[in-house]
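Chemist: Next come the chains, spelled out residue by residue.
2 protein chains.
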Amino acid sequence: MPNIEATYQDLLTQLRGAAVLGSCASVLGWDEQTYLPPAGADHRAEQLATLAGLTHERATSPRIGELLTELEQCGAIGEVTSAMAVNVREARHSYDRVTKLPRALVEELSRTTTLAQTAWVAARKKSDFAEFQPWLERMVGLKRQQAEALGYSGGVPYDALLDEFEPGASSREIAATFAPLRDELVKLVDSIQGSSRRPNVGLLTRRFPLEAQRRFAEAAAKQIGFDFEAGRLDVAPHPFCSGMGPGDCRLTTRYNEQHFPGAFFGVLHEAGHGLYEQGLDRAAFGSPMGEFVSLGIHESQSRLWENFVGRSQAFWQHFFVPAQQAFPDALAGVSPDDWYAAINDVRPSFIRVEADEVTYNLHIMLRFELEQPLISGDLKPADVPAVWNETFSRYFGLTPPDAARGCLQDIHWGAGLIGYFPTYSLGNMYAAQFYDAAQRDLGDLPAQFARGEFQPLLDWLRKNIHSRGKQLRAGELVQRVTGASLSHQALIAHLHRKFDPLFGLS
Amino acid sequence: MPNIEATYQDLLTQLRGAAVLGSCASVLGWDEQTYLPPAGADHRAEQLATLAGLTHERATSPRIGELLTELEQCGAIGEVTSAMAVNVREARHSYDRVTKLPRALVEELSRTTTLAQTAWVAARKKSDFAEFQPWLERMVGLKRQQAEALGYSGGVPYDALLDEFEPGASSREIAATFAPLRDELVKLVDSIQGSSRRPNVGLLTRRFPLEAQRRFAEAAAKQIGFDFEAGRLDVAPHPFCSGMGPGDCRLTTRYNEQHFPGAFFGVLHEAGHGLYEQGLDRAAFGSPMGEFVSLGIHESQSRLWENFVGRSQAFWQHFFVPAQQAFPDALAGVSPDDWYAAINDVRPSFIRVEADEVTYNLHIMLRFELEQPLISGDLKPADVPAVWNETFSRYFGLTPPDAARGCLQDIHWGAGLIGYFPTYSLGNMYAAQFYDAAQRDLGDLPAQFARGEFQPLLDWLRKNIHSRGKQLRAGELVQRVTGASLSHQALIAHLHRKFDPLFGLS
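As they're listed, the protein sequences go chains A and B.
Per this note's numbering: the first sequence ends with 506, consecutive numbering throughout.
Per this note's numbering: the second sequence ends with 506, consecutive numbering throughout.
By construction, these hints were calculated from the structure, which means they are not laboratory data.
Note that the structure is predicted; figures quoted are calculated from it, not measured.
We treat Cβ as the ideally placed atom computed from N, Cα and C, and that holds for glycine.
Please note that the accuracy of each hint is not assured.
[As the list claims (entries may be wrong)] Here are a few chain A residues that face chain B, going by a calculated C-beta distance under 8 Å:
1) Cys24
2) Asp31
3) Leu36
4) Asp42
5) Glu46
6) Gln47
7) Thr50
8) Glu66
9) Leu68
10) Gly231
11) Val235
12) Ala236
13) Pro237
14) His238
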């Protein structure tokens with residue numbers, strides 16, 4: 001037994017070493033999005049490629065393979081959900097994955113990612129797809145190489161990419177879950193479109209001074225539990241949350257003086273991610289027991305805080321008066337009900353990150369529909385704008401007026417995150433299921449929110465999800481915590497409970 | 001010949017690899033001082049120690065030693081000042097230096113540096129030396145180990161540390177240059193103290209709103225030539241300039257609404273460093289031909305822009321009207337002459353970075369006087385506050401009222417920068433010599449400044465100093481550019497030219 005313990009500790013040290021190095025790259029990646037001077041982009045690409053190569057070297061060290069084999073063979077690593085069993089199982093999954101990738105490809109992906117994101121920022125500003133197209137081509141080419149290197153079952157290279165973000169998921173299963181969700185959503189959107197009730201969304205585009213927005217959003221993030229002693233909020237062209245290791249989690253947002261919800265709900269969303277990161281076991285940093293389950297589960301946390309909490313009537317029973325104090329001009333004479341209706345307007349629109357709770361998943365399905373043929377080779381990058389617009393108009397009955405409000409709106413493809421989008425809708429479904437379970441365990445959540453109490457919900461999430469690390473895979477976790485497997489039903493039920501009364505639907 | 005070229009290119013690639021990795025640590029170091037959440041300090045220490053270890057591994061790679069030996073033996077590396085000869089000579093100097101340091105010591109120094117700086121920030125805030133003392137003890141212990149590992153001639157371990165910052169310098173030579181400088185300075189301070197003219201320094205402590213200070217300082221830095229497309233200015237507890245590689249140079253400062261000169265001249269100072277960094281040959285990044293000569297030469301650039309330019313009468317002939325527009329309340333009714341006199345007041349004071357041009361070097365000599373026995377073991381860290389205060393009162397006729405205004409004011413010792421201070425006074429002397437030479441070559445510099453023209457001076461510095469990298473050692477460079485060797489005389493002459501009229505001295 002002492003031998004096993006020493007081997008296990010050696011494994012943890014190796015894993016931690018790779019994680020520390022990887023976390024250095026997180027700092028440089030965050031800096032690139034927030035404070036890097038434009039002329040520094042080329043050098044940053046070289047720095048990140050160097051770190052990616054070194055991290056890859058550490059993560060693929062033959063020593064890790066030997067230690068894993070030793071531990072697997074000793075047959076004494078305890079219960080399936082013991083820390084040692086989990087760490088060995090999940091470290092094996094990652095190790096087998098990364099050792100399949102040649103270091104040159106990893107470095108090339110890192111370098112291209114950095115440059116493609118810079119190109120994306122410039123192209124999006126000018127709404128010029130042609131400027132971004134060569135980068136998309138390079139990126140798709142590299143991601144296809146990556147899929148081939150990783151291997152895949154069922155003849156679907158896309159699944160190899162998906163596995164990075166949602167371990168064990170397949171595009172077939174996702175498509176099967178998305179189908180009934182889409183049918184229900186389309187029906188609901190139709191009903192809402194047919195309703196005569198239209199909230200006064202003009203409230204949201206009055207003047208909300210930037211500094212007041214920042215203060216108000218920061219105060220709300222703090223109140224739901226985000227720890228600013230161990231985190232920050234900065235401005236970046238694309239909102240994100242980056243966990244850089246114990247005690248350091250960074251959120252970003254972008255402010256628009258004429259649009260309140262963009263930054264505010266963006267901050268709640270990223271803070272939801274941040275609460276998950278801050279709830280991971282610090283002592284387990286670098287090992288699977290200290291890591292998040294999957295991006296779908298990560299997204300369930302952000303969507304839960306953004307939508308189930310932040311867009312609830314109860315939340316604004318607590319926050320509307322502070323909001324009126326923060327924005328006296330914009331909110332003078334506005335009633336809480338009108339505000340609640342305005343922030344929950346449902347209407348087809350162009351930008352995913354500003355979409356309402358109902359149409360949001362249709363944005364995801366569109367991307368899922370395009371990514372698969374991009375990777376299989378059936379869709380050429382050059383054809384993306386046309387196919388995007390055609391698909392968009394089929395889903396939403398609208399045609400994007402330009403690329404910035406169409407296929408150029410997201411950073412993901414430039415950042416190499418192909419296979420990532422579906423996790424957003426998985427997250428929405430998981431969020432609904434977790435919220436129902438929390439409500440079952442904690443009683444009247446809205447009453448708590450109305451009193452500004454968010455700690456019980458956070459504690460529940462910490463206990464049931466955050467502190468568990470990768471103990472369970474996503475599917476097992478939702479089964480264990482909610483008693484049911486992944487399903488669209490909780491989400492659809494939530495949407496009806498909320499939007500039927502708002503739009504007077506029967 | 002093709003063989004030599006291939007060997008040389010291989011060397012450059014190796015050096016660049018280590019430099020890229022080192023530049024990643026610069027980003028994390030900058031972030032630590034500017035944006036790192038407090039709870040992230042421990043993890044940051046681990047990150048920086050990991051990077052320091054890896055950079056050390058690369059910089060000490062036996063391959064570099066082999067390549068250097070090959071190139072040294074082929075006897076065909078050209079003129080002493082050819083790029084290849086310089087790169088081989090200086091890479092050998094660094095390689096021999098770093099290979100003497102055990103990796104464990106390098107990592108331990110990095111880790112301790114990060115934690116000691118955090119401790120210093122907290123201790124300085126509370127003005128509590130006892131809180132910092134254990135860190136100073138650890139640091140001095142590690143620096144003594146470092147000196148022993150490096151070796152030194154003449155029985156002076158301090159010289160081994162000095163060599164890191166000012167290659168080839170010795171404490172004996174520095175002491176010999178400082179002695180006549182001190183005599184002249186003490187005489188000048190005495191004369192000024194005896195003068196009945198006292199500028200109205202109350203002008204400087206009126207209310208200067210922070211945001212206006214930031215804008216004004218940034219505009220001035222831009223006008224003297226600092227490229228904000230390739231750099232930034234942020235807030236940090238201690239002002240510094242960090243060159244992170246091609247296209248990325250970061251300045252920091254700290255603002256005080258009640259004290260104009262601190263931030264403004266601090267920014268000019270750091271921008272002076274930044275102009276040097278931005279003037280290095282980008283293509284030569286990672287090799288000695290793309291690196292600065294020494295910290296003394298670096299400091300000559302910052303002091304030249306801060307004092308010889310920024311504190312000149314001509315500078316304010318151009319900038320006083322914009323200053324009045326930026327600070328209409330503070331500067332209403334103030335005359336340019338009164339302003340010029342106020343920013344050039346000379347009086348003994350506690351804080352080095354806010355000291356005037358005349359007393360500044362006395363602050364340096366005090367630190368030089370303490371650092372040598374700290375490293376030799378003749379001064380115990382616990383005795384530093386008492387000895388500091390005693391020496392301070394001998395030099396300045398004043399006793400620091402607390403540790404924050406005494407021995408806790410500088411970040412250097414916590415940051416492991418022992419042997420660094422003397423380079424500040426070397427820089428002041430070099431600055432005076434360079435300024436005289438530029439004036440000789442460019443004609444009436446003050447007339448140019450008064451017209452807001454700083455490009456001729458910058459071009460001159462770029463050509464004669466910045467673009468040369470490490471082609472010449474500091475002593476050779478000053479000889480080549482000015483026709484004379486290092487001396488205190490140009491600085492003393494400058495001070496008399498400037499302060500005799502200001503204080504009515506004969």
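Chemist: Regarding the hint that aspartate 31 of chain A lies at the interface with chain B, is the smallest CB-CB distance below 8 Å?
Modeler: OK, holds: aspartate 31 of chain A within 8 Å of chain B, min 6 Å.
Chemist: Does the nearest C-beta of chain B fall within a distance shorter than 8 Å of the C-beta of threonine 50 of chain A?
Modeler: Holds - the Cβ of threonine 50 of chain A comes within 8 Å of chain B, reaching about 5 Å at its closest.
Chemist: Is the interface hint for alanine 236 of chain A satisfied, with its Cβ closer than 8 Å to some Cβ of chain B?
Modeler: Hint violated; alanine 236 of chain A Cβ to chain B Cβ min 13 Å, cut 8 Å.
Chemist: Quick check on histidine 238 of chain A please, does its C-beta sit within 8 Å of some C-beta on chain B?
Modeler: Violated - the Cβ of histidine 238 of chain A stays beyond 8 Å from chain B, reaching only about 18 Å at its closest.
Chemist: Min Cβ distance, glutamate 66 of chain A to chain B: is it shorter than 8 Å?
Modeler: 22 Å, violated
Chemist: Min Cβ distance, cysteine 24 of chain A to chain B: is it shorter than 8 Å?
Modeler: It holds, given that the least Cβ distance between cysteine 24 of chain A and chain B is near 5 Å, below 8 Å.
Chemist: Regarding the hint that leucine 68 of chain A lies at the interface with chain B, is the smallest CB-CB distance below 8 Å?
Modeler: With Cβ-Cβ at 22 Å, over 8 Å, it is violated.
Chemist: Are glutamine 47 of chain A and chain B close enough, Cβ to Cβ, to be under 8 Å, as the hint says?
Modeler: 5 Å, holds
Chemist: Quick check on glycine 231 of chain A please, does its C-beta sit within 8 Å of some C-beta on chain B?
Modeler: 5 Å, holds
Chemist: Go through the hint on proline 237 of chain A and say holds or violated, using the shortest Cβ distance to chain B against 8 Å.
Modeler: 16 Å, violated
Chemist: Close enough to count: is the Cβ of valine 235 of chain A nearer than 8 Å to one in chain B?
Modeler: 12 Å, violated
Chemist: Does leucine 36 of chain A pass the interface check with chain B, least Cβ-Cβ distance below 8 Å?
Modeler: With a minimum Cβ separation of about 7 Å from chain B (threshold 8 Å), the hint on leucine 36 of chain A holds.
Checked against the numbered hints listed earlier, the structure breaks hints 8, 9, 11, 12, 13, 14; every other hint is satisfied.
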